[in-house]
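Put together the whole structure using the sequences plus the hints.
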Amino acid sequence: MDLLGPLSASLLSPMVLAFALGVAAALLRSDLRFPEGLSTGLTIYLLLAIGLKGGAKLQGVAPADFWAPLVAALALCVAIPLWCYALLQRMGRLSTVDAAAIAAHYGSVSVVTYSACVVFLDGLAVTYEPFMPALLAIMEVPAILIGIQLGRRASAAARSAAESGTLRELLTGKSAILLGGGLAIGWLGGSAGQAQVAPLFETPFHGVLTLFLLDVGLVTGRRLADLKRSGAFISAFAVIMPLLHGVLGVALGAAAGLGPGGATVLGTLAASASYIAAPAAVRVALPDASPALYLAPPLAVTFPFNVVVGIPAYHAFATTLIRS
Amino acid sequence: MDLLGPLSASLLSPMVLAFALGVAAALLRSDLRFPEGLSTGLTIYLLLAIGLKGGAKLQGVAPADFWAPLVAALALCVAIPLWCYALLQRMGRLSTVDAAAIAAHYGSVSVVTYSACVVFLDGLAVTYEPFMPALLAIMEVPAILIGIQLGRRASAAARSAAESGTLRELLTGKSAILLGGGLAIGWLGGSAGQAQVAPLFETPFHGVLTLFLLDVGLVTGRRLADLKRSGAFISAFAVIMPLLHGVLGVALGAAAGLGPGGATVLGTLAASASYIAAPAAVRVALPDASPALYLAPPLAVTFPFNVVVGIPAYHAFATTLIRS
Amino acid sequence: MDLLGPLSASLLSPMVLAFALGVAAALLRSDLRFPEGLSTGLTIYLLLAIGLKGGAKLQGVAPADFWAPLVAALALCVAIPLWCYALLQRMGRLSTVDAAAIAAHYGSVSVVTYSACVVFLDGLAVTYEPFMPALLAIMEVPAILIGIQLGRRASAAARSAAESGTLRELLTGKSAILLGGGLAIGWLGGSAGQAQVAPLFETPFHGVLTLFLLDVGLVTGRRLADLKRSGAFISAFAVIMPLLHGVLGVALGAAAGLGPGGATVLGTLAASASYIAAPAAVRVALPDASPALYLAPPLAVTFPFNVVVGIPAYHAFATTLIRS
Amino acid sequence: MQLSEMRLVTVIAPDDLESRLIGELKTLGATGYTVSHARGEGSHGVRTSELEGANIRLEVIVDPPTAQRVVERVMERFQPQYGIVLYVSTIEVVRGAKFTGGAGSNR
Amino acid sequence: MQLSEMRLVTVIAPDDLESRLIGELKTLGATGYTVSHARGEGSHGVRTSELEGANIRLEVIVDPPTAQRVVERVMERFQPQYGIVLYVSTIEVVRGAKFTGGAGSNR
Amino acid sequence: MQLSEMRLVTVIAPDDLESRLIGELKTLGATGYTVSHARGEGSHGVRTSELEGANIRLEVIVDPPTAQRVVERVMERFQPQYGIVLYVSTIEVVRGAKFTGGAGSNR
Ligand SMILES: Nc1ncnc2c1ncn2[C@@H]1O[C@H](COP(=O)(O)O)[C@@H](O)[C@H]1O
Ligand SMILES: Nc1ncnc2c1ncn2[C@@H]1O[C@H](COP(=O)(O)O)[C@@H](O)[C@H]1O
Ligand SMILES: Nc1ncnc2c1ncn2[C@@H]1O[C@H](COP(=O)(O)O)[C@@H](O)[C@H]1O
Ligand code: NA
Ligand code: NA
Ligand code: NA
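Protein chains in written order, with our numbering: chain E, 1 to 324; chain P, 1001 to 1324; chain H, 2001 to 2324; chain U, 3001 to 3107; chain L, 4001 to 4107; chain A, 5001 to 5107.
Worth double-checking, as some hints may not be accurate.
Heads up, incomplete: computed chain A residues facing chain U, CB under 10 Å, no partners named [to be verified]: (1) M5006; (2) L5008; (3) L5028; (4) G5032; (5) I5091; (6) R5095; (7) K5098; (8) T5100.
Derived BS3-like pairs: lysine-lysine, alpha-carbon spacing no greater than 27 Å straight-line [unchecked claim]: (9) U:K3026 x P:K1228; (10) A:K5026 x E:K228; (11) L:K4026 x H:K2228.
Since the hints were made in silico from the structure, they are not lab data.
For glycine and all other residues, C-beta sits at the position ideal for the given N, C-alpha and C.
This is how it looks when you write it as structure tokens:
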């Protein structure tokens, strides 16, 4: 299989380059900074746009097609945080609460990585099942809850923060409201509704993602030093685990009857580590956990790894697995 | 006449659903919040976009066609605040200043409701007179001035705030500058000018409105408790008066020679209650008036009522009246 | 030559009218104000958009075509600040540091004026060399450095601010990162990359520029009083020098082998005075210089002059010169 | 115009805690509060963006006993877990009654 | 470095009043001011969005007599109608002359 | 809860200087800082927009000797060139050790 074509297409996409520009600007100590209104506005846009588009596609999905992939997705969401936690604690020798926090991030999913995957598949004209965005929304939450429970057992601070980090708080968090609400609006409005909002929420989506990734790059660049401090184990973890999760996700997807496109998306979701929903939840529910440990690896290692190497690889694996 | 088709089309439009999502998120105490830069940016966009589009259409309008609808519109703008004031004071037993403040809001017009009406008509491929956006801009101001004068007679605080709330201040307010200035730019630039800005100010308009309504929904949800506190009279007022004003507006529009589309728009304008321009003006000029009374009813009752029930009804009435 | 057609097209373009609306609103003391998030967001968008579009065009440019115009551009960038400085100091009797600051602004280039020129040429379907946006990015920096060096010799405050205003700081400034980074992204991504971001960064560009110019107009209106205070010499300078620089730029462009479109752009760049990059740099590096002197003339005189009179004139001159 | 002394408690806290902090303040009898957006750095690292979380700067004017209660509540319920900085200063206001627990509001 | 005492008047007011408040401050001899955006709640309800109106937080450093005049003017002309909170504190600055009415500016 | 006195230095400065000011504060031993966006006007004219430049409002809580050093450094290195306003006030904090140079951080 030719991996170089897609790889260079990924590497040279405006999205990846904007991320790299942001990292470079931060390392060069540029005064470029996104104001609050812009950063938050971009996040709101992306979450809502993904929800709306996904929701509109949901119309006409038969529950019968949906349940097997749903089970596969939930299995991933439960298993990934558990073994990440064990690994980080035993082999990585991280404190319980840090291990739990990182587990929550890697068990949850990244909407930006998901978008990069969709862009990649669209570029190859590969289709995927219409319920994948719904899986994205569903997969965001469980691992965060699991990670929080794991961390809470060990941390007095987290226990006394116990009124937070509950299911209720997660389901009313910005991320769930926009993604879930967007899905509902898209689904209820159907293609007629989507046609009305597409010129804002679909056509320029890729450009907005590029702008957002410039901002993500700025944060990542500022956080690179954290990575160095947190040691080689974490950095290795942030490459190896996504690869394993990606392969596993593709395999489970195939077993659940997804086509190559859908299996690639499921692999990508499994491989991705959250950096919008999970940090916001963990910040409040596991305040003891160190942001240096849970923010930098997803941003600085896993995200670029997935976009540049992972997604093409998962797709290559999916086509091999499912075609044969 | 079939009212259900348009009704469900309205109910399930992304705009209305986004508003509902915002209300739900606020009631669930979600942490979703639009930052200042985004909220204000959306307001600036909407006002300017409506102005620009309306202005471009004004080219080629003959004054002869315009004067009768203008007189109808002005009559509505003067009469509505007067009778609302009387009603609220006598039957509603509101204080003078609160009655005056609410009268200003119901006498003025809502640019968002106007936009919803235009979207509705566009969906049915119903045309309307090209000078309707100009009427929108004109109808924004008089009722606010009248309401302020009514309130000022009674309130010492308002009198000592007298250097504000003047015609000059209203005409240089954000809302008038953007709407009026947009009209002027659109009119001077004509269709060539409009072609240059349409990809920003027309194509994605509906999507931006959807995003804005999510924010409006958040405010409305936070304000729902106000509504309960202010009693049943106000809530009934906020449904019944718009219906009356809508019917009256359609009838006057028909009498002034408007087609069914234009009469629907005039009815909608009459029925709508301002929640951008009027609150800003009243806040400064009638500081004694209670925001709980003048903000919640237009947002939480009149706006959704008009969008879901009112506009289709005014349109049904207009087609009956004018076709026959 | 017919100058009136293009002139009225310029005067009545939404861009120019939005600028005028902003000036009028500020003079009327309107409460219209762009929040930080919106203003900064618009600046980031414009710089990045110009970079991206320019970069994508760079693919396939032969260095052989590029070097002569590059030399012409650099010559302008070095010469303009030097003679502006001399003139302002000797004839204008300005202090050394003020003269140097203004020289930096007029020697550097205005991305907004550049955009207006491109819009003008596109309107006439006149093409220009694909490397003009790269020239824009290159021409931004040198004159600022020269101006700062000139000012620093005279000002103790500037010398003690010496750790700033260095080449490094300029090259990592927001403006250079976005413009230069955009060029790089566009160039690496090529037309495939550009196609992905064009719906955000190209299609609505003109509309965004219009919105931005409304904000620029607001600042300009507030600054008009500065202009009056700073005397007639500066105002005359702000009209006459651009005209000279424009003519010179066109002539050098023609000599360097540019077509009429490219020569018009080079003339416009020479004639334009920076109001994004230069003020930011001068503020830090020449803190003694008076913003009233270096902000108002580019905004309130040179920019509108160039857009309304200058660009059509440079183009007329370019077509005469190069056709014959 | 007669000025009287009150206490101003300023709390710098992660913006995620806004609604919970405000809830506590109201329980303790604060008659109002003012919030603005802030970035910052401290022992819990940098807080300067949407992704990393940002701070709020919460100001509440209260009478001295309430100030003491606010300090205690925030230090007990929030400070041990979250990166919160809190400081108190004495200020002068015109009508002190406005700021004393529920009673004496100026409306 | 020698510090001298000055008065800091902080005004929390509806943002609609910004230009009028600043006009008054200048009339009273303030040599400058600083404004930031704020949200808040008090006896006049919640002010937290574009539609509901938001607050500004206006700081002005002045000498004690000017501070007194600012307090009086704001309390007389604005406070009775509008929801305004104002407080005064004593601060230390380096060159006090900068803040004393018109004279002594550092430029 | 025991409160102890500390010094709060507030610096209003052009936002372009943010990273340099923060660098200095860290060198001088500040354990943290808080920044918010501000507009303003003073002897250097209006600073109220992206084009004209805006201000930051930088707060740093330090012990009295560090406060003195911060004041001196800012006044020497920045104030002469740039329009900077700086003021100091005495505040009360809960665990003063958190704010004393490097040592005593609460994490
Ligand atoms: N010494 C300080 N002076 C001013 N603000 C501080 C200081 N230390 C911490 N902060 C603020 O309080 C927040 C939490 O502090 P910390 O718990 O030390 O991380 C930081 O993000 C800063 O905004
Ligand atoms: N006790 C308080 N502490 C701090 N800020 C307050 C307090 N009370 C009111 N405010 C602020 O002042 C504004 C007007 O107050 P009010 O007139 O009480 O509604 C509110 O929106 C708050 O931002
Ligand atoms: N008297 C004052 N009170 C409050 N803030 C001030 C005062 N004077 C100046 N400032 C602030 O400090 C900045 C720089 O001041 P200046 O150097 O006087 O221009 C201004 O933009 C204001 O934000
Ligand atoms: Na995952
Ligand atoms: Na109305
Ligand atoms: Na130039």
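Close enough to count: is the Cβ of A:T5100 nearer than 10 Å to one in chain U?
This interface hint is violated because 12 Å lies over the 10 Å limit.
Under 10 Å, Cβ to Cβ, is where A:I5091 needs to be relative to chain U, so tell me if that hint holds or is violated.
Since the shortest Cβ distance to chain U is 4 Å, the answer is holds.
For the pair supplied as a hint, L:K4026 and H:K2228, is the alpha-carbon distance within the 27 Å limit?
Holds, at about 21 Å.
With 10 Å as the cut and Cβ atoms as the points, is A:G5032 at the interface with chain U?
holds, 3 Å
Using 10 Å as the Cβ threshold, decide whether A:L5008 counts as touching chain U.
Result: holds, 7 Å to nearest chain U Cβ.
Agreement of hint A:M5006 with chain U interface, Cβ distance less than 10 Å:
holds, 7 Å
Next pair to validate is A:K5026 with E:K228; report whether the Cα-Cα distance is within 27 Å.
Holds, at roughly 21 Å.
Under the criterion of a CB-CB separation shorter than 10 Å, is A:L5028 in contact with chain U as hinted?
At 14 Å from the nearest chain U Cβ, A:L5028 fails the 10 Å test, so the hint is violated.
Within a Cα-Cα threshold of 27 Å, do U:K3026 and P:K1228 meet the stated pairing?
Distance ~21 Å between U:K3026 and P:K1228 Cα, so the pair holds.
Against chain U, with CB atoms and a cut of 10 Å, does the hint on A:R5095 hold up?
For A:R5095, the interface hint holds, since the closest Cβ of chain U sits about 9 Å away, which is under 10 Å.
Hint validity - A:K5098 Cβ closer than 10 Å to any chain U Cβ
Hint holds; A:K5098 Cβ to chain U Cβ min 7 Å, cut 10 Å.
Hints 3 and 8 from the list above are not met by this structure, while the remaining hints are.
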